[in-house]
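On the provided structure of chain X, position chain Y with the ligand as indicated by the hints.
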Amino acid sequence: MIAVDKETFEAEVLNADGYVLVDFWSDGCEPCKALMPDVEELEKQFGNQIKFVKLNTTQARRLAIKEKVLGLPTISIYKDGNKIDEVTKEEATRDNIEAMIKKHV
Amino acid sequence: MENIYDVVIIGAGPAGLSAGLYSARGKMSTLILEKSKTGGQIATTEEVANYPGSIEHASGPSLVARMVDQCKEFGATIEKDTIKEVKLDEKIKVLVGEKNTYKARSVIVAPGASPRLLDVPGEKEMTGKGVSYCATCDADFFTDFEVFVIGGGDSAVEEAIFLTRFARKVTIVHRRDELKAAKSIQEKAFKNSKIDFMWNTTIQEIKGEGLVEGVVFKNLQTGETQEYMANEEDGTFGIFVFVGYIPQTQIFKGILDMDEAGYFITDDNMKTNIPGVFAAGDCRVKSLRQVVTAVSDGAIASVQAEKYIENNFHE
Ligand SMILES: Cc1cc2nc3c(=O)[nH]c(=O)nc-3n(C[C@H](O)[C@H](O)[C@H](O)COP(=O)(O)OP(=O)(O)OC[C@H]3O[C@@H](n4cnc5c(N)ncnc54)[C@H](O)[C@@H]3O)c2cc1C
Chain X
1 MIAVDKETFE AEVLNADGYV LVDFWSDGCE PCKALMPDVE ELEKQFGNQI KFVKLNTTQA
61 RRLAIKEKVL GLPTISIYKD GNKIDEVTKE EATRDNIEAM IKKHV
Chain Y
1 MENIYDVVII GAGPAGLSAG LYSARGKMST LILEKSKTGG QIATTEEVAN YPGSIEHASG
61 PSLVARMVDQ CKEFGATIEK DTIKEVKLDE KIKVLVGEKN TYKARSVIVA PGASPRLLDV
121 PGEKEMTGKG VSYCATCDAD FFTDFEVFVI GGGDSAVEEA IFLTRFARKV TIVHRRDELK
181 AAKSIQEKAF KNSKIDFMWN TTIQEIKGEG LVEGVVFKNL QTGETQEYMA NEEDGTFGIF
241 VFVGYIPQTQ IFKGILDMDE AGYFITDDNM KTNIPGVFAA GDCRVKSLRQ VVTAVSDGAI
301 ASVQAEKYIE NNFHE
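The listed protein sequences derive, respectively, from chains X and Y. Numbering (the UniProt record's numbering) for the first sequence: 1 to 105. Numbering (the UniProt record's numbering) for the second sequence: 1 to 315.
In case anyone wonders, no lab produced these hints; they're calculated from the structure. Fair warning: there could be bad hints in the mix.
With a straight-line cut-off of 20 Å between C-alpha atoms, the simulated DMTMM-like cross-links for lysine to aspartate or glutamate are [as the list claims (entries may be wrong)]:
| no. | chain 1 | residue 1 | chain 2 | residue 2 |
| --- | --- | --- | --- | --- |
| 1 | Y | Lys-91 | Y | Glu-233 |
| 2 | Y | Lys-84 | X | Glu-86 |
| 3 | Y | Lys-218 | Y | Glu-178 |
| 4 | X | Lys-89 | Y | Glu-125 |
| 5 | Y | Lys-207 | Y | Glu-178 |
| 6 | Y | Lys-80 | X | Asp-85 |
| 7 | X | Lys-33 | Y | Glu-46 |
| 8 | Y | Lys-271 | Y | Glu-227 |
| 9 | X | Lys-66 | Y | Glu-232 |
| 10 | Y | Lys-99 | X | Glu-90 |
| 11 | X | Lys-66 | X | Asp-80 |
| 12 | Y | Lys-35 | Y | Asp-89 |
| 13 | Y | Lys-218 | Y | Asp-234 |
| 14 | Y | Lys-124 | X | Glu-91 |
| 15 | X | Lys-68 | Y | Asp-234 |
| 16 | X | Lys-66 | X | Asp-85 |
| 17 | X | Lys-44 | Y | Glu-232 |
Under 7 Å between C-beta atoms, here's a sample of chain Y residues computed to sit facing chain X [claimed, not checked]:
| no. | residue |
| --- | --- |
| 18 | Ala-43 |
| 19 | Leu-211 |
| 20 | Gly-214 |
If you're wondering where the values come from, they're calculated on a predicted model, not measured in any experiment. Cβ coordinates follow ideal geometry from the N, Cα and C atoms, glycine included.
Extracted from the complex, chain X is given alone in its bound form (with noise of 0.2 Å):
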C-alpha cells in the first residue's frame, strides 16, 4: 500500500484516474492496526484493479475531515477521485471490505 499524507492525498486520490481504495488509520487506533493486514491481504488479489492507498489521519486531521471522515477504522473507494462507497467501524471487516470491492471492480 502507498502511504499518502496531506500534500500527496490530491495527486494520488482525487486527481487519481479510476479506483482508489483509502484505508484511514491513526497511530492510536488499535482496530485500525488489526485491520490492516486484511487489507494488505485484499490488496495483494485486486491491487491490478484498484490502487490501495493508506492515510494516516494524526498528521491530515483536517483533511480526513474535510472527506468527511471522523471515525476510524474507515475505508473508502474512490472513483476518479469521488468517494463512491465507504464502510466504518464494526462494519470495517476483511468480509465487508472484500464485498465492497466487488460490487464495483
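Positioned in the frame of chain X, the structure of chain Y with the ligand alone reads:
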C-alpha cells in the same frame, strides 16, 4: 493427520489471553482465535489504573501487548479469524470460522462484550461521522472541537477525562442526576475545568449530512427537548457513547445457557451446560466486569479444561 487442539479459545481479550497463557503453560496445545484486534475492549482505552501491578504507563494497548507476549512465550498460537458457527455436542468440538474450521477437545468461550448503542435516529448513519464508541480511535479528530460524552459509568467518565486532552470542551450527558462511576473517577471529572455536565438528559436524535451537525437532547424531568447545533466555524462536533455493553454471544444462542440479556450462565468453575466447554470474562453473568475478573475467569477455565481433558481423553 488433522490437527485437533487440546484447547481452542474464542476471543483474545484479557480473558482469552489469560486462558491461553495458562493452557499453553500447562503443555496443552492451544489456539486463540480473534476476529479483530488482540486485547479486546481494553485495547481501546488509554489508562488502566485499577489493574493490580499496572500503575505507570498502564495504557490498555501496552498491558495487552505484554499479555500477548507472555501467551506466545509459553507456546500458544493466536490466529485471526471470526467464528461464525460452533458444533459442540460431539466429543470433538468443531468451530467454523470465516477462514478455517477448527477442532478441539475443549473450548473456552471468551467473546466479551461490545458497546450498547443509543438506538436513536441518526446514530447508525453518523457512526464514524462524529458518533464514536472508541475514544482512543477518534479523539484526535476532535482537537479543539466540542465533544459530548453520553453515559455516567466508569468508562464514560474516564473516557471523558481522556477526551479533555483533545477537545476544547467535553460535556457529560447523563440520564440521572448523579454519576455511577467510582468516586475517585468522579472527583477527577468534577475537578476538570474542561468538563461540563447535563443531568437528567438523553439524546433523542442525531442530525447531519455527511457529518454530525446537530443533536436533540431531551430533559427527562421536564420532558423538554432542546436542539444543539455545531459551532459554525467547527461545522461538527463529537458524540462519544458509553452507555453499557452487550455480550457478543449471539452465535451460541440455543447451544449454551444464557440469561435474558445474553450473558452465559456458568458455575464457579466456568463450566457451561456442555461438558468441555467453558466461558470466561465479560460474556458471563457476574457482578464486576473488569480486566482483573476477566483474567481470573480465564485462568480458572483453562485449569478446568485441563482436568476435563485428563479425565476424558487419557486412558
Ligand atoms: C472504554 C473502556 C474502558 C475500560 N477501562 C477499564 C479499566 O480501566 N480497568 C478495567 O479493569 N477494565 C476496564 N474496562 C473493561 C475491560 O475492558 C473488560 O472487562 C475486559 O476487556 C473484558 O475482557 P474479555 O476478554 O472478557 O472481553 P473483551 O475484552 O471484550 O474481548 C473479547 C474478544 O473476543 C473477540 N471475539 C468476540 N466474538 C468473536 C468471534 N465470534 N470470533 C473471534 N473472536 C471473537 C472480540 O473481538 C474481542 O477481542 C474498560 C472497557 C472499556 C470499553
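Hints, verified against the model:
{"no.": "1", "hint": "Y:Lys-91 with Y:Glu-233", "verdict": "64 Å, violated"}
{"no.": "2", "hint": "Y:Lys-84 with X:Glu-86", "verdict": "24 Å, violated"}
{"no.": "3", "hint": "Y:Lys-218 with Y:Glu-178", "verdict": "17 Å, holds"}
{"no.": "4", "hint": "X:Lys-89 with Y:Glu-125", "verdict": "12 Å, holds"}
{"no.": "5", "hint": "Y:Lys-207 with Y:Glu-178", "verdict": "27 Å, violated"}
{"no.": "6", "hint": "Y:Lys-80 with X:Asp-85", "verdict": "26 Å, violated"}
{"no.": "7", "hint": "X:Lys-33 with Y:Glu-46", "verdict": "16 Å, holds"}
{"no.": "8", "hint": "Y:Lys-271 with Y:Glu-227", "verdict": "50 Å, violated"}
{"no.": "9", "hint": "X:Lys-66 with Y:Glu-232", "verdict": "15 Å, holds"}
{"no.": "10", "hint": "Y:Lys-99 with X:Glu-90", "verdict": "18 Å, holds"}
{"no.": "11", "hint": "X:Lys-66 with X:Asp-80", "verdict": "17 Å, holds"}
{"no.": "12", "hint": "Y:Lys-35 with Y:Asp-89", "verdict": "23 Å, violated"}
{"no.": "13", "hint": "Y:Lys-218 with Y:Asp-234", "verdict": "24 Å, violated"}
{"no.": "14", "hint": "Y:Lys-124 with X:Glu-91", "verdict": "11 Å, holds"}
{"no.": "15", "hint": "X:Lys-68 with Y:Asp-234", "verdict": "13 Å, holds"}
{"no.": "16", "hint": "X:Lys-66 with X:Asp-85", "verdict": "16 Å, holds"}
{"no.": "17", "hint": "X:Lys-44 with Y:Glu-232", "verdict": "43 Å, violated"}
{"no.": "18", "hint": "Ala-43", "verdict": "5 Å, holds"}
{"no.": "19", "hint": "Leu-211", "verdict": "6 Å, holds"}
{"no.": "20", "hint": "Gly-214", "verdict": "15 Å, violated"}
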